[in-house]
Amino acid sequence: MQNAALEYDYSVAKWFTYLAIIFGIVGMVIGTYIAFELAYPELNNLFGQYGTFSRLRPLHTNVVAFGFTLSGIWAAFYYIAQRTLKVSLKESGFVSGLAKLHFWLYLILAALLVVTELLGITTSKEYAEMEWPLDILTVVVWVIFGMAMFGLIGMRREKTLYISMWYFIAFFLGVAMLYLFNNMEVPTYLVAGMGKWYHSVSMYAGTNDALVQWWYGHNAVAFVFTVPIIAMIYYFLPKESGQPVFSYKLSLLSFWGLMFVYLWAGGHHLIYSTVPDWMQTMGSVFSVVLILPSWGSAINMLLTMKGEWNQLKESPLIKFMVLASTFYMLSTLEGPIQSIKSVNALAHFTDWIPGHVHDGTLGWVAFMVIAATLHMAPRFYKREIYSKKLMEMQFWIQTTGIVLYFSSMWIAGITQGMMWRAVDQYGNLAYSFIDTVTVLHPYYTIRALGGVLFVIGLFMWAYNFVKTMSNAKVLEKEPAFASPMGA
Amino acid sequence: MFHWLEKQPFLFAVGVFLVIAFAGLIEIVPDFAQASRPIAGKQPYTVLQLAGRHVYIKDSCNACHSQLIRPFKSETDRYGPYSLSGEYAYDRPFLWGSKRTGPDLHRVGEYRTTDWHENHMWEPTSVVPGSIMPAYKHMFKQNADLETAYAEAVTVKKVFNVPYDKEGFTKLGSWEEAKKAALEEAKAIAADMKNQDVKDAVARGEIPEIVALIAYLNSLH
Chain Y
0 MQNAALEYDY SVAKWFTYLA IIFGIVGMVI GTYIAFELAY PELNNLFGQY
50 GTFSRLRPLH TNVVAFGFTL SGIWAAFYYI AQRTLKVSLK ESGFVSGLAK
100 LHFWLYLILA ALLVVTELLG ITTSKEYAEM EWPLDILTVV VWVIFGMAMF
150 GLIGMRREKT LYISMWYFIA FFLGVAMLYL FNNMEVPTYL VAGMGKWYHS
200 VSMYAGTNDA LVQWWYGHNA VAFVFTVPII AMIYYFLPKE SGQPVFSYKL
250 SLLSFWGLMF VYLWAGGHHL IYSTVPDWMQ TMGSVFSVVL ILPSWGSAIN
300 MLLTMKGEWN QLKESPLIKF MVLASTFYML STLEGPIQSI KSVNALAHFT
350 DWIPGHVHDG TLGWVAFMVI AATLHMAPRF YKREIYSKKL MEMQFWIQTT
400 GIVLYFSSMW IAGITQGMMW RAVDQYGNLA YSFIDTVTVL HPYYTIRALG
450 GVLFVIGLFM WAYNFVKTMS NAKVLEKEPA FASPMGA
Chain W
0 MFHWLEKQPF LFAVGVFLVI AFAGLIEIVP DFAQASRPIA GKQPYTVLQL
50 AGRHVYIKDS CNACHSQLIR PFKSETDRYG PYSLSGEYAY DRPFLWGSKR
100 TGPDLHRVGE YRTTDWHENH MWEPTSVVPG SIMPAYKHMF KQNADLETAY
150 AEAVTVKKVF NVPYDKEGFT KLGSWEEAKK AALEEAKAIA ADMKNQDVKD
200 AVARGEIPEI VALIAYLNSL H
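Chains Y and W, in that order, are what the protein sequence lines are.
So for the first sequence, numbering that gives the first Met the number 0 puts the first residue at 0; every next one is plus one.
So for the second sequence, numbering that gives the first Met the number 0 puts the first residue at 0; every next one is plus one.
Incorrect hints may have been included.
Here are the computed lysine-lysine pairs in the BS3-like style, where the Cα-Cα straight-line distance is at most 27 angstroms [stated by the list, open to error]:
| id | chain 1 | residue 1 | chain 2 | residue 2 |
| --- | --- | --- | --- | --- |
| 1 | Y | Lys-238 | Y | Lys-312 |
| 2 | W | Lys-6 | Y | Lys-195 |
| 3 | W | Lys-193 | W | Lys-179 |
| 4 | Y | Lys-476 | Y | Lys-89 |
| 5 | W | Lys-6 | Y | Lys-158 |
| 6 | Y | Lys-340 | W | Lys-98 |
Computed spacing ranges between beta-carbons, pair by pair [to be verified]:
| id | chain 1 | residue 1 | chain 2 | residue 2 | range |
| --- | --- | --- | --- | --- | --- |
| 7 | Y | Trp-196 | W | Ala-20 | 27 to 37 angstroms |
| 8 | W | Ser-173 | Y | Pro-441 | 52 to 62 angstroms |
| 9 | Y | Ala-110 | W | Leu-4 | 49 to 59 angstroms |
It should be emphasised that the hints constitute simulated quantities derived from the structure, not laboratory data.
Since the model is a prediction, treat every value here as computed from it, not as a measurement.
Idealized CB from N, CA, C, for every residue including glycine.
All chains, full assembly: derive it from the sequences and hints.
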């Protein structure tokens, strides 16, 4: 896979890596803070109107999903694309210019997103909260990313696209389609000539709006949290372990299966809502079918380790990646279970849902991003990873954090769902709503502690990364497979 | 088997796009016309209610409160009749929410009063001991943005044919008329409130956010 004659340009990949670390810490510190707010509501008043749970929750999801995750994905993309396509960004001033423009415009967009969210400038649609001027900037960033990607593909020396590139192409197309349709809105100032210039009104009303939003909302998970992260594991796990991908046919089957099935699943957010019944049933059925392609990729990854499981014991990087695949399997089993109508009736609107989101995002997405950056670091800086021991500790601390998070939220969600529906012997509701809130206090506290552990791990990651850049032992040449690590 | 396709990035991308677009088309298109039809007697929001809706959105009340009553006995007992599609025909954006950290609000206008909302927003635990909701005292000081609300009403009237000013529907009128109507509406709400600053502001012709928000919450039936 190495091509000695080719010198890769890691600059953009490095910048995105730094952003991933910064946004990861910022986003998850906010997340932990708001987790504490639920357990200790006095914290809501510390920063006036800017510190309430309601104002910070969208900020948290946006910084983590679109700050941390996208930065990590793009860091990996600019690294993987050059290597699997056998081209260097240096070879084209135009394409490397696009890549740099991509980074800087994205950074401006991210900064504006943070400011507007704090000010309460939002369209209220989950994961699509930005108002129209920022939506337009998002589209610009996206198009530039697409041009950089297809530019690199056009220049490629390796004729066949590696699996990771399939997924990156799907990531680009999927998000483009979803984002455009969901964010259709009419700027009110342009029609009425008064009021705030940046305000807009959704093109869709009521049930239609909900339909489009969850078609987008769930599939943003698909095409930001799943597809490009699979692209990453398909590159980094075989590379780090020195093992070939287990099965080409399985990767083919799971790729096209995922592409076809995923878009149907958004309807599971609308079960027992006012969208038509057939659509709810489709959402439910296809969510269950989705287990097949999801587990297909996960099993393909795990079987890549066949005969080499000893590496799991020896390398914390392999640990991160294998556990990421395992968490992917867990959340792609949990999701379909929650999509079954009878389970959904209990789980919907409860803490089980954020619990589900977080075993996926922390276990699968964040672990994969962390592993990717640490795999890339020795290649970026021609130094070994500063500390294996630190990485090992980070792994266990964060894993403990995730387990605390999802187990407490499972219990909280099911408890609340059961209490909402509980009736006494006469058929009257057994609990008032506030009873079902106060009972959750211990679980909210445990969840917040889980968050603290995860954030501690992030600081260890950042420290290890910075030390790798500056202090670690210098390597003579880029490692081919397993990343060398200092004690 | 498919190796040839992996050497054709353009065809590959087209293929991926068709496969992912398919489900969206089938799911979204058939229901669009049907779901946008309002139930009989449904009124578009007044300008003051819209301004309140903007306050609701600005402070992301929808992060913790749903506006969707599911067809279960436990929910209809607790919140009122289950929600119908046609009730949301004038909701842009929809505000169903996805998590109930607090209770559903779809019919909150039926069983809570202006006075209750005032106390709740000022100090939630004063009306619901054990509440984990933040206090929203800034809503008592900041003024609602009536201009933007009016601009939105004009926009939906012009662009989406929302029946403002039609026989039997909410009157919108000119900006001057709308402002006057909103102030009248605000005065009626402030009369039921006890916060002196809010009362004084409304008497001066200003509309604090809390008044607009309560107008919106009271409109939820």
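A quick look at each hint next to the structure:
Restraint check for Y:Lys-238 and Y:Lys-312: the C-alpha separation of about 17 angstroms stays at or below 27 angstroms, so the hint holds. Of the supplied pair hints, the one linking W:Lys-6 and Y:Lys-195 is violated, its CA atoms being roughly 50 angstroms apart against a limit of 27 angstroms. A threshold of 27 angstroms between alpha carbons decides the hint, and for W:Lys-193 with W:Lys-179 the separation of about 23 angstroms falls inside it, so the pair holds. Between Y:Lys-476 and Y:Lys-89 the CA atoms are separated by roughly 20 angstroms; this keeps the pair inside 27 angstroms, and the hint holds.
Taking the CA atoms of W:Lys-6 and Y:Lys-158, the gap is near 6 angstroms; set against the 27 angstroms cutoff, the hint holds. Distance restraint check for Y:Lys-340 and W:Lys-98: the Cα-Cα separation of roughly 17 angstroms lies within the 27 angstroms cut-off, and the hinted pair is therefore satisfied. A beta carbon spacing of about 33 angstroms between Y:Trp-196 and W:Ala-20 agrees with the range 27 to 37 angstroms that was offered as a hint. About 57 angstroms separates the C-beta atoms of W:Ser-173 and Y:Pro-441, a value consistent with the hinted range of 52 to 62 angstroms.
Distance hint check: the CB atoms of Y:Ala-110 and W:Leu-4 are about 40 angstroms apart, inconsistent with the given range 49 to 59 angstroms.
Hint compliance for this structure: hints 2 and 9 are not met, and every other hint is.
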